[in-house]
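**Student:** In case you want the letters, here they are:
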Amino acid sequence: MRPPTPAERLRTHVDRILDHSSVYGSDREDLVEELYGHLWQRWQDGMANGLSSDAAADAAIGSFGEASRLGRDMTSAYHSRLYASTIGVLLPAVAGGGDEPQGYGRARSLLFLTGLFAVIGGAIFLSGQTPVRLFVGASAMLVAFCMTVLAYRALGRRQSWALVYVRVLALGFIAEGIIEFVVKPATVSLMGVVAIVVLPAAFGPDLAGWVSVSRRTGKALGAVIVASVLLYSVPLAASVMPDPTQASAADLSITVSEACTRTAGLVMSGTVTASIRWARTDFMPYGLRTGMSQTDEFGVSSASDTYLLPNAPQFPYGLDDEVVGTTFTLVDTETGRNAAADVTMASWPPFFEVGAFNLGIDPGTIQAGRTYVATFVFVSQRAAGLPDDPAFRIRYDHQGRWGIQAFATCTRPGVASPVTTPDPPEYPIP
Amino acid sequence: MNDDQRREPEQKPEGVPHLSHGDYGLLILGLLSRREMYGYEIMTELRDTTSRAIDLPEGTVYPALRRLERDGIVEGRWVEAATGTPRRRYYKLTLKGERALADGLAEWRRFKAAADSVLG
Chain A
1 MRPPTPAERL
11 RTHVDRILDH
21 SSVYGSDRED
31 LVEELYGHLW
41 QRWQDGMANG
51 LSSDAAADAA
61 IGSFGEASRL
71 GRDMTSAYHS
81 RLYASTIGVL
91 LPAVAGGGDE
101 PQGYGRARSL
111 LFLTGLFAVI
121 GGAIFLSGQT
131 PVRLFVGASA
141 MLVAFCMTVL
151 AYRALGRRQS
161 WALVYVRVLA
171 LGFIAEGIIE
181 FVVKPATVSL
191 MGVVAIVVLP
201 AAFGPDLAGW
211 VSVSRRTGKA
221 LGAVIVASVL
231 LYSVPLAASV
241 MPDPTQASAA
251 DLSITVSEAC
261 TRTAGLVMSG
271 TVTASIRWAR
281 TDFMPYGLRT
291 GMSQTDEFGV
301 SSASDTYLLP
311 NAPQFPYGLD
321 DEVVGTTFTL
331 VDTETGRNAA
341 ADVTMASWPP
351 FFEVGAFNLG
361 IDPGTIQAGR
371 TYVATFVFVS
381 QRAAGLPDDP
391 AFRIRYDHQG
401 RWGIQAFATC
411 TRPGVASPVT
421 TPDPPEYPIP
Chain D
1 MNDDQRREPE
11 QKPEGVPHLS
21 HGDYGLLILG
31 LLSRREMYGY
41 EIMTELRDTT
51 SRAIDLPEGT
61 VYPALRRLER
71 DGIVEGRWVE
81 AATGTPRRRY
91 YKLTLKGERA
101 LADGLAEWRR
111 FKAAADSVLG
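Chains as they are written, first to last, in the working numbering: chain A, 1 to 430; chain D, 1 to 120.
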C-alpha cells in the first residue's frame, strides 16, 4: 500500500477536523473546500520557501491547529451553545469508515425497531389517554425517541455511548419480556426476542473494539442513558397514575331498585327506580354524553327494537313481547324538574335508544351534587305474569376507561360498583 | 486519530496572547475593513501586521469567520482561482459589520485608555 501523498494528507487533516464537529451537508462541503484551500496554499508557500513537499505538508498541518479543538470550535460556530454542549458532544460527525464489525447491523436494527415501535405503539397507546397523561407520556416518549435516534446515528459514528445505550436497551427489553411472560404466559415480547438476538453482539468484543476510538462513557452519561431508556415506560406508568383532571368511578353513585306487583307469585308489572348522583360534572374530555345503558333483560316488546347489549344473557322464557315499558326519564329531586325533553336516558318504545346512542345525558342539564331519579315502568305482556323475576342493569361507561354498574331485581336493590371496561362479554347477575 | 480524539490537550503556543472570541473577531473586522480578504490572507496579514506578536493556529480563523458570517457581520463569496488552484472564499464587512467594528473600536479605546491610566 503506497503512502499517502502530501495533498492526500492535507485532505485527511481537513476530514479529521470536521469529523470532530457536528457540521453536515453543504456547510461541511464548503468547509472542506475552504480549509483544504488554506492548507494547500500554505503547502505551496512552504515549498516555495525551500521546504520539501513532505516537510511543507507537515508544516501546513502543524500550523493549522489541533483537529479536535478546531472541530469543536466549528460546532459552536454553526450551532447554539446548548446544541454544542449536548447533541454536539453526543454526535460528532466521525465518519463510519466502513468495515463495520459483526453485530453492528443487529445493534442498529434494535435501535431502528425501538424507534419505529415507539412511534407506532406510542401513538396508539397515547391516543386513548387523558390529556394530562397524554402530555406526560408523549413528552417522555419524545425524549426517549430522540435519544434512540441519536444513538442510532452515533453508533454509525463509532461513539461508545451508543453501544452502552444498545446494551441498556437490550437488557431493558429482555427484562420487560420476562415480566410480560410471567404476567401473561401466553405472550411473547417481540422486542424481547430481538434483544436476545442482539445481546451477544452488544457485549461482544467486535462492537467494543469498533467504538473504542471514541471517548469512554462516563458515569454521568451512563446515568442519562439509563434514564432515557426508562422514559419509555413512563406512558404505561402514567396511565395507571391518578389524574386529578379526570372523573373516576368514585365521582358517580347509582342505586337501583325494582318495586314489583305479583299475581300468584309471578311478576305482573313493576317500577324501576334509579337514583343517580354526580359529584362533579367536569368529566374531561368528553363530558357525560355516552354510556348510560340498561340491559334488554326484560325482553323487548317491539319489533323495531334496535338495541341489544352484546352477549346480554337472555331470559329463559323467550325474547319478545314479554313486557312493555314507559319512557325512562330523569327528574331533578331538588327542583322536581322532569327533564324528559332533554335529559332522557331512554326513549322506549318505539326505539330502545339508551345513552349509548348519545341521546343519554346532556351534561349541560346535569348539576353536580344533586340527585336525579329515573323511573321506568314495565308491564308483563303475559296474562299469567313473568315466569322469572326481571333483572335490571344500569351502567355508565366512561370512554372505555372506567365504568360502574348496578343490578336490581324485585327482591334485591343494587348499588353500583366499579366494573372493567369495555363491557365484559359475560356479566354475572348477583 | 484515536489518541487525538480521546484527549484534548489544551496547549497554546508560548508567547501568544489570549484572545477572546470578541477580541479575535474585532481584529478580523479591522483587517476586513481594509479590503476583502480570504482566510489564509487574513492570518498572514494578522501575523505580519503584528510582527508575529499574534500568531494563532491558522485554522482558528475559520470558526471565527463562520461565526461572524452567521451573525450577519461579514459575508463570504467564492472566487475562482487559477487552474489547479482551489477556489477561495473572500469575506467582506456588511453594514452591520461596519457598525459592529465602530462599536468594538470605541469600546477597545475606552478599555485601552482605562488600562493606560492605571499602567501609565
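Calculated directly from the structure, the hints in this document are not laboratory data. Ideal Cβ placement from N, Cα and C applies to all residues, glycine included. Any given hint might turn out to be false.
[Stated by the list, open to error] Partial list, derived from the structure: chain A residues whose beta carbon lies under 7 angstroms from chain D:
1. Glu8
2. Gly37
3. His38
4. Trp40
5. Gln41
6. Ala56
7. Ala59
8. Leu70
9. Asp73
10. Met74
11. Phe125
12. Ser417
**Student:** A separate judgement is required for each hint: does it hold in the structure or not?
**Tutor:** Going through the hints against the structure:
1. Glu8: violated (14 angstroms)
2. Gly37: Gly37 of chain A check passes; min Cβ-Cβ to chain D is 4 angstroms, inside 7 angstroms.
3. His38: holds (5 angstroms)
4. Trp40: At 5 angstroms from the nearest chain D Cβ, Trp40 of chain A passes the 7 angstroms test, so the hint holds.
5. Gln41: holds (5 angstroms)
6. Ala56: With Cβ-Cβ at 14 angstroms, over 7 angstroms, it is violated.
7. Ala59: For Ala59 of chain A, the interface hint is violated, since the closest Cβ of chain D sits about 11 angstroms away, which is over 7 angstroms.
8. Leu70: It holds, given that the least Cβ distance between Leu70 of chain A and chain D is near 5 angstroms, below 7 angstroms.
9. Asp73: Interface hint status for Asp73 of chain A: holds (4 angstroms vs cutoff 7 angstroms).
10. Met74: holds (5 angstroms)
11. Phe125: violated (41 angstroms)
12. Ser417: violated (65 angstroms)
The structure shown violates the earlier hints numbered 1, 6, 7, 11, 12.
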